[in-house]
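Asker: Just so you know, the sequences run in chain order F and E. When we follow my numbering, the leftmost residue of the first sequence carries the number 16, and every step to the right adds one. When we follow my numbering, the leftmost residue of the second sequence carries the number 27, and every step to the right adds one.
No lab work stands behind these hints: they were computed from the structure. Any given hint could turn out to be false.
Stated by the list, open to error - Simulated pairs of lysine-lysine, DSSO-like, Cα-Cα distance not exceeding 30 Å:
| no. | chain 1 | residue 1 | chain 2 | residue 2 |
| --- | --- | --- | --- | --- |
| 1 | F | Lys252 | E | Lys158 |
| 2 | E | Lys120 | E | Lys158 |
| 3 | E | Lys120 | F | Lys252 |
| 4 | F | Lys315 | F | Lys252 |
| 5 | F | Lys315 | E | Lys158 |
Unchecked claim - So the derived label-pair ranges between C-beta atoms look like this:
| no. | chain 1 | residue 1 | chain 2 | residue 2 | range |
| --- | --- | --- | --- | --- | --- |
| 6 | F | Gly201 | E | Lys158 | 43 to 53 Å |
| 7 | F | Gln265 | E | Ala70 | 44 to 54 Å |
| 8 | F | Thr262 | E | Asp46 | 50 to 60 Å |
Stated by the list, open to error - Derived, one-sided and incomplete: chain F residues facing chain E with beta-carbon distance under 8 Å:
| no. | residue |
| --- | --- |
| 9 | Val63 |
| 10 | Thr65 |
| 11 | Gly98 |
| 12 | Arg129 |
| 13 | Asp183 |
| 14 | Tyr236 |
| 15 | Gly238 |
| 16 | Trp327 |
| 17 | Gln420 |
| 18 | Pro423 |
Cβ atoms here follow ideal geometry from the backbone N, Cα and C, with glycine treated the same way.
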Amino acid sequence: MSDASTGGDVEPDHDHEHHHEGPGYATPQAAIEEGEREKLAYVMSLYVGTDVDAPDFVAVVDLDPDSDTYCEIVDRIEMPERGDELHHFGWNACSSSCHVEGLERRHLIVPGQRSSRLHVIDAKDRRNPELETVIEPEEVFEYDLSAPHTVHCIPDGEILISMLGDADGELPGGFLELNDDFEIEGRWEPPGEIEMNYDYWYQPRQNVMVSSEWAAPKTYYPGFDLDDVEAGNYGRKLHFWDWENGTVEQTIDLGEEGQIPLEVRFLHTPESTHGFVGTALSSNIFHFWRDDTGEYRAEKAIDFESRDHEDWDMPVPGLTTDILISMDDRYLFGSNWLHGEVWMYDVSDPSNPRRADSLSVGGTFGDVQEVQGRELNAGPQMIQLSLDGERLYWTTSLFSSWDEQFYPEEGERGSVMLKADVDPRNGTLELDEDFLVDWGECPEGPARAHEIRWPDGDCTSDVWQ
Amino acid sequence: MSGGSNGRSRAYDATLEWPDGRTRTLAVRDDETVLEAAERAGIALPYGCLTGACGTCTGRLLAADEGGTDGDEEPEALEVDDAFSYRRRPLALKDRHRADGYVLLCIASPRVDCRIAVGSSVQSELVENPWK
Chain F
16 MSDASTGGDV EPDHDHEHHH EGPGYATPQA AIEEGEREKL AYVMSLYVGT
66 DVDAPDFVAV VDLDPDSDTY CEIVDRIEMP ERGDELHHFG WNACSSSCHV
116 EGLERRHLIV PGQRSSRLHV IDAKDRRNPE LETVIEPEEV FEYDLSAPHT
166 VHCIPDGEIL ISMLGDADGE LPGGFLELND DFEIEGRWEP PGEIEMNYDY
216 WYQPRQNVMV SSEWAAPKTY YPGFDLDDVE AGNYGRKLHF WDWENGTVEQ
266 TIDLGEEGQI PLEVRFLHTP ESTHGFVGTA LSSNIFHFWR DDTGEYRAEK
316 AIDFESRDHE DWDMPVPGLT TDILISMDDR YLFGSNWLHG EVWMYDVSDP
366 SNPRRADSLS VGGTFGDVQE VQGRELNAGP QMIQLSLDGE RLYWTTSLFS
416 SWDEQFYPEE GERGSVMLKA DVDPRNGTLE LDEDFLVDWG ECPEGPARAH
466 EIRWPDGDCT SDVWQ
Chain E
27 MSGGSNGRSR AYDATLEWPD GRTRTLAVRD DETVLEAAER AGIALPYGCL
77 TGACGTCTGR LLAADEGGTD GDEEPEALEV DDAFSYRRRP LALKDRHRAD
127 GYVLLCIASP RVDCRIAVGS SVQSELVENP WK
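Next up, chain F with everything else stripped away, as it sits in the complex (with noise of 0.2 Å):
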């Protein structure tokens, strides 16, 4: 199924019949029917940082074995200006609108993480899309936010971006939201809510929203500083909010164990109040779920060792840094950037995940370092699965000065991304060696590759009301 309609080749290949009017799928299981397969990905393409001199863009990748084009960077919508580092993006609209009729998934909010400029994409052709609208950084300042991170769609067509310091880069971040005629509506939640922001994700009919935190602008910006650690200023706390109200309700320190917490997903059935959060620098995921009395509760559920490899002083952390749940709410998939892994577990029981398979893949562990005589130059970071939960794919940028410190050879040679075949059935993972998208290759010059994003949602963006 297509929420829009299609250009060029990529045609939907069936119809069904639809019991809503509005964009997405009804449920879970009903993405997995009726979601085709992705012939194209649209991925956040950096050079930032690098002395490059071209902007950012949005890459669009053919990813249908079938075409001429497979494994080709087929279009590039190029930023305005310099400098952004397109980082992570969303929708306008998703499944959690879908009752609402004339809503369509058709613009992409594409912000730039270091530049505060929001980018309207309109992907009606999806294609070819084409930059609409811009909000220039000035504008965000206003409400003294900046830093702009996770996008999701509010169910109505309003839009909510986490936003992770102020006008000058220090704390406390926040919430912008953006109506539906992409204009800036004002700060979300009251001011003083939280101090530090990274992801967030929301559970519409549990009433809840969870939020992670990275750190201030100021301190993750240039790079990763260990004194940072140490002197409190990496985050290592989640919040659970009242979503009508946007208050926090209630806030989780993880504790030494659970710092810096990052991408944080609730399970997609629309039912469930447990999720998981991947803490990047301990390399723990957490499992947090509601319990009997209405409080949220957060455990250790996976524990990633560090590991000792002679060219490091120190025992190398595994780096989690991107998690994600299947459709189907039975797999934890995610990466472990600096040890070069990507895995699944079996979260069937949440409280005990299972691991199922894992691939040792670039990095500085990885059993496989080059891939068609490519070589990979840095660890699986973020990761994508169909809806089908087939075929897992991943990119290998983490965040430009980041990049430098610990895969510098990354903004010399460009990311690339790669693709994993999983048998759902059988808990596995087969990485597919004539899969390989090259960031390079790009005409002007080796590009960084962060966020993965399907044309008709995928198991980051689409939530249930």
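Starting from the known structure of chain F, fit chain E onto it as the hints suggest.
Answerer: Chain E alone, transformed into the frame defined by chain F:
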């Protein structure tokens, strides 16, 4: 110092030096930043936030010359805070970075003629891999 003034503002010569040995000398008016002067001259320097928070634009002062005075200053005394005036607080730099001569070119205006190391590799000197 380049030509002193054009009527209203004064300008200073900033010589930009890239790691590959390339150099360019710019006249930077005292009401503009090094980055703005470079953009005006069609030179692409790295930048990000433009507010002094991110450090993408970081350069390093190599030499400062009190050209307008008698010239008897010690050329090696790289007092970066004396050589530049900041438009905003340089939040991306820690004290140790400023002591080492690092400067945020998106918000800094020279107050003396100077030579500055530029290019994206300068930013990567601010932090290193803490475990390796």
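Asker: None of the hints should be skipped; say for each whether it holds.
Answerer: The hints, checked one at a time:
For the hint pairing lysine 252 of chain F with lysine 158 of chain E, the CA-to-CA distance comes to about 28 Å; that is within 30 Å, so the pair holds. A distance of roughly 21 Å separates the Cα atoms of lysine 120 of chain E and lysine 158 of chain E; the hinted pair therefore holds under the 30 Å criterion. At most 30 Å may separate the alpha-carbon atoms for a hinted pair to count; lysine 120 of chain E and lysine 252 of chain F meet this at roughly 25 Å. With a CA separation close to 13 Å, the supplied pair lysine 315 of chain F and lysine 252 of chain F stays within the 30 Å bound.
Our distance criterion of 30 Å between C-alpha atoms is met by lysine 315 of chain F and lysine 158 of chain E, whose separation comes to about 27 Å. Taking 43 to 53 Å as the suggested C-beta distance range, the pair glycine 201 of chain F and lysine 158 of chain E conforms, at roughly 45 Å. In this structure the hint that glutamine 265 of chain F and alanine 70 of chain E lie 44 to 54 Å apart at CB holds, the actual value being about 48 Å. Between threonine 262 of chain F and aspartate 46 of chain E, the C-beta spacing of about 54 Å keeps the proposed range 50 to 60 Å intact.
The interface hint given for valine 63 of chain F is met, as the beta carbon of that residue sits about 6 Å from the closest beta carbon of chain E, less than 8 Å. The closest approach between the C-beta of threonine 65 of chain F and any C-beta of chain E is roughly 5 Å, which is under the 8 Å cut-off, so the hint is satisfied. The beta carbon of glycine 98 of chain F is positioned within 8 Å of a beta carbon in chain E (closest approach about 5 Å), and the interface hint is therefore held. For arginine 129 of chain F, the suggested interface contact is upheld, since its CB lies about 3 Å from the closest CB of chain E, less than 8 Å.
Because the smallest distance between the Cβ of aspartate 183 of chain F and any Cβ of chain E comes to about 6 Å, under 8 Å, the interface hint for this residue holds. Annotation: interface hint on tyrosine 236 of chain F holds; nearest CB of chain E at approximately 4 Å, less than 8 Å. Of the supplied interface hints, the one on glycine 238 of chain F holds, with its beta-carbon coming within about 3 Å of a beta-carbon of chain E, less than 8 Å. Given the 8 Å rule on beta carbons, the hint for tryptophan 327 of chain F holds: about 5 Å separates it from the nearest Cβ of chain E.
Taken as an interface hint, glutamine 420 of chain F checks out: its beta carbon lies about 5 Å from the nearest beta carbon of chain E, inside 8 Å. For proline 423 of chain F, the interface hint holds, the least distance from its beta-carbon to any beta-carbon of chain E being 7 Å, beneath 8 Å.
Hint compliance for this structure: every hint is met.
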